[in-house]
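Here is what each chain is made of, one letter per residue.
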Amino acid sequence: KNEVEQSPQNLTAQEGEFITINCSYSVGISALHWLQQHPGGGIVSLFMLSSGKKKHGRLIATINIQEKHSSLHITASHPRDSAVYICAVIPLGGATNKLIFGTGTLLAVQP
Amino acid sequence: DGGITQSPKYLFRKEGQNVTLSCEQNLNHDAMYWYRQDPGQGLRLIYYSQIVNDFQKGDIAEGYSVSREKKESFPLTVTSAQKNPTAFYLCASSMGQREKLFFGSGTQLSVL
Chain A
1301 KNEVEQSPQN LTAQEGEFIT INCSYSVGIS ALHWLQQHPG GGIVSLFMLS
1351 SGKKKHGRLI ATINIQEKHS SLHITASHPR DSAVYICAVI PLGGATNKLI
1401 FGTGTLLAVQ P
Chain B
150 DGGITQSPKY LFRKEGQNVT LSCEQNLNHD AMYWYRQDPG QGLRLIYYSQ
200 IVNDFQKGDI AEGYSVSREK KESFPLTVTS AQKNPTAFYL CASSMGQREK
250 LFFGSGTQLS VL
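Sequence order for the protein chains is A and B. Residue numbers for the first sequence, in my numbering: 1301 to 1411. Residue numbers for the second sequence, in my numbering: 150 to 261.
Just chain A, with the same shape it has in the complex (with noise of 0.2 Å):
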């Protein structure tokens, strides 16, 4: 079983809709990062929290350390959200060099 877990895997969407997309872990950890990647391969960061809740425009991300869940929100989906989105933990008393990956959600959001 993989450390790091994320669901769903594939995941379409029509345009405006609220999505959400789920990683669960089972390692205690120090920080979780929540990633971009682009058809063309390139990765973006969008969050790296350790508690409760942040937001950057359209997107929220939601963590509980207790539950070892997180979540990332998408408000009001537009084809251009359309991309892989992983999510990555430091393990406790780890740093980035220790980051350990999910295996990404591959998000398509249709006209």
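One thing to keep in mind: the hints can contain errors.
The calculated lysine to any residue pairs, modelled on SDA-like cross-linking and capped at a C-alpha distance of 20 Å, are [claimed, not checked]: (1) B:Lys158 - A:Lys1398; (2) A:Lys1398 - B:Asp203; (3) B:Lys220 - B:Gly152; (4) B:Lys220 - B:Gln199.
Partner residues are not named here, just some residues of chain B that face chain A (Cβ under 8 Å, in silico) [stated by the list, open to error]: (5) Ala180; (6) Tyr182; (7) Gln190; (8) Gly191; (9) Leu192; (10) Phe204; (11) Lys206; (12) Gly207; (13) Ala210; (14) Phe237; (15) Ser243; (16) Met244; (17) Gln246; (18) Lys249; (19) Leu250; (20) Ser254.
Keep in mind the hints are simulated off the structure, nothing from the lab. Cβ atoms here follow ideal geometry from the backbone N, Cα and C, with glycine treated the same way.
Keeping the supplied structure of chain A fixed, place chain B upon it in accordance with the hints.
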């Protein structure tokens, strides 16, 4: 604009050949990383460097080598010892060891 530049975008390797992937950053970041991405798998760390003239092996360093002679540059050499080199390679950097990561656009390496 500040960022990370990887080149080339596509690279082909012949049997027994060493190839070098370039990674340059102008973000003044101390830490740099090389990751390998295979279909259906999470990113895996090949090598990382926290400071100039120092680097450490990651989880899958066998068949790869790196150098860090300048703060801005962290090239990765895929040697002939790497028997399964076909993958997407991503370079990243961060200000410190627990800071946000910045990624390049990647290099797709294939074997001829």
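Tell me if Ser243 (chain B) is really an interface residue toward chain A, meaning its C-beta lies closer than 8 Å to one of theirs.
holds (6 Å)
Just to be careful: measuring from the Cβ of Leu250 (chain B) to every Cβ in chain A, is the smallest value less than 8 Å?
holds (5 Å)
Restraint satisfaction for Lys206 (chain B) [CB to CB of chain A, less than 8 Å]:
violated (10 Å)
Hey, Lys158 (chain B) versus Lys1398 (chain A), does the alpha-carbon distance stay inside 20 Å?
It is violated: about 26 Å lies between the C-alpha atoms, which goes past 20 Å.
Double-check Leu192 (chain B) for me: the hint is only fine if its C-beta lies closer than 8 Å to a C-beta in chain A.
holds (4 Å)
With 8 Å as the cut and Cβ atoms as the points, is Gln190 (chain B) at the interface with chain A?
holds (6 Å)
Does the interface hint hold: is Phe204 (chain B) within less than 8 Å of chain A, judged Cβ to Cβ?
violated (11 Å)
Under the criterion of a CB-CB separation shorter than 8 Å, is Lys249 (chain B) in contact with chain A as hinted?
Status holds, d = 5 Å.
Let me know if the C-beta of Gly191 (chain B) comes in closer than 8 Å to any C-beta of chain A, holds or violated.
holds (3 Å)
Regarding the hint that Ser254 (chain B) lies at the interface with chain A, is the smallest CB-CB distance below 8 Å?
holds (4 Å)
Does Met244 (chain B) pass the interface hint, meaning its C-beta sits closer than 8 Å to a C-beta of chain A?
violated (10 Å)
Holds or violated: Lys220 (chain B) and Gln199 (chain B), Cα atoms, limit 20 Å.
Roughly 10 Å between the alpha carbons, so the hint for Lys220 (chain B) and Gln199 (chain B) holds.
The structure is inconsistent with the numbered hints 1, 10, 11, 13 and 16, although it conforms to all the rest.
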